[in-house]
Every structure is written in structure tokens, then in C-alpha cells.
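Enquirer: Listed below are the residues making up each chain.
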Amino acid sequence: MTERDIEDDFLDDIFAAARRTEAQPSAALMGRIIADAATVSAARAVPAARVAPPRGLWALLAAVIGGWPTLGGLVAATMAGFWIGFAPPASLSGLTASVMGETVSVSVLAADDALGSGG
Amino acid sequence: MSFATAQDPPAPDEALLIAYANGDAGAAALLAQRLAPRVLGQAARMLGDRAEAEDVTQEALMRLWKIAPDWRQGEGQVSTWLYRVTANLCTDRLRRRRRHVALDTVEEPQDASPPVAARMLDRARAGALQEALASLPERQAQAVALRHLEGLANPEIAAIMDISVEAVESLTARGKRALAEALAGRKAELGYHDD
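Residue numbers (this note's numbering), protein chains in the order written: chain A, 1 to 119; chain B, 1 to 195.
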């Protein structure tokens, strides 16, 4: 038997002693490992849950033009414009005549009496 | 899809890992049951310390849970990846232990009944081996441990360490020589007599 063989036998014995080390995971260790898996999984799920729900078309439109106060102002201005066009005050008729040169009245109703008050 | 039925062939580790990444908690429990004993055994054989081996097992599996969503199918085996992570974690600890703990902390075998004496001798030899492994270059220690403690074949070790089979053979040969030198002065203490 050579010196190398003796060394190999010696090391093989040492390795065999280490291989006999038995280790079975305890229930506590398994519990910690499975809890880690759940924690990592939950941490991954959170960012997805934080995504805002999709918004409706009108909400999106209101946000684009500056929110509900702006939208309210826009509606009021539109109604005022419509009313001025429908029944212009006398001072506005005079201004129009001076700029355009003549006044044209067009009635969209069958009679001139728009409010149906008769007369 | 359930992986828990006893009649089905066992799902590969990779399939369970992908199922876990997709939110299947049962797949994680099955993977843990399958892999934790192997990782704990490897860590215990390399470290010889139950508490440290448990820490390594928890850490190795924690890394597995974290990389699960990025696991690329067919790119390698989960067990190969875990052998590598565990070997790295163990050599890190052996290194730290070598820096911080006195080397002669192995219990001396004492007079006792034969089975107990044999167990204590085993423990002393395993402890001496772990100390000697700690003194080796990291790659040599890993190759020797995978070959002689885990009993893996050289091609498998090559895959784990991402090197050629020839490099594994060279690392284990040099590692064994270095181990024999490191342990030469402790033969008598470990129950060997030159005669």
C-alpha cells in the first residue's frame, strides 16, 4: 500500500464520518420557509393591486380640461351665449347694426312671439 | 391545476416553481418539502452546525422564492441552482467562522459506551474536516464537498460550478491534497495511528 493510498483511506474515512451527519428539517424550519414563500408572494402581489381602476370617459374628459369647476364654468358660458343669441339685448342689436351696417332678424318660430305671450 | 394528488407523477421542481410564481401557495409548500431536506443535509455536512445549516437552508430557499418570477424555463435544474447557492452560502460561513472562531473547538472524544464513542469520533472527524475545508480556496472546498460529501458525479459538479469536467477533476485533486496536508497533524487526535 503506497503512502498515497494510505492518505486516500484516511480522507475517505473522514468524508464518510461527515456523510453520516443526519439532518431532517424541523417543523419550525419548514414553517419559516413556507412563511417566507408567502411573504415574498404577497409583496409581489401588492404593486399590481395598487394600480388605479380604469376611469370613465367623462371623468377623463373633466380631468383633461381642468376638473369639474372648469366644466361648470364652461356650461354656464355656453348657456349664456345661447341665450344672448336667442334674445339679444337692445344695446347689443345697436352695436351689431353699427358694425355690420344693417340688422337682420331671423325667426326660427312660426310666429314672432317667441314666448307665446300673445299680443 | 393541483400538484397535490398522489396518483399523478410528481411535478418537476421547475413546474412547481413556475406555479408558485403564479401565486400557487401549495406549490411552494411542496417545493419546500422536497428541497429543504436536501439543502439542510448539504449545509449540515459542510458546516457541521445544525443552527447554521438551518439558517443557510432558509436563506437558500428565500433566494429561490425571490427569483421564481424570473426563472427561465428549460435553462437549468432547480436542484443544480440550489446546490450552487447552498455551496456558496456554506463557504461564506466557513470563511467567516475561520476568521472569528478559534480552530480547536472540536469536542475531544471521551470515554463512553461504543456507539456513543463512535458517534463522538464521527463528530470530531467531521468537525476537523469542516475546519480543513474552511482553510481551502473557496472553489476547491466547494468541488471537494460536492464530490465527496454529496457524492455527485463530476459532470453534475461541472454544471453546478459552471466549469469544465477537467477543471472539476483538477479542483478536487488539489483540494484533497490540501485537505490531507491540513489534517496530517491531527491523525492521532482523530483516532488514526501510523503503524
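Since the hints were derived computationally from the structure, they do not count as laboratory data.
There may be inaccurate statements among the hints.
Which chain B residues face chain A? A few, computed with CB under 10 Å, are given here [stated by the list, open to error]: (1) 25; (2) 33; (3) 43; (4) 68; (5) 71; (6) 72; (7) 74; (8) 115; (9) 123; (10) 127; (11) 153; (12) 154; (13) 158; (14) 167.
Far from chain B, some chain A residues (derived; all Cβ distances over 10 Å) [to be verified]: (15) 18; (16) 25; (17) 33; (18) 37; (19) 45; (20) 78; (21) 81.
The beta carbon of each residue, even a glycine, is placed where N, CA and C say it ideally should be.
Enquirer: Check each numbered hint against the structure and report the violated ones by number, ascending.
Expert: Per hint list: 5, 6, 7, 8, 11, 12, 13, 14, 15, 16, 17, 18, 19 violated.
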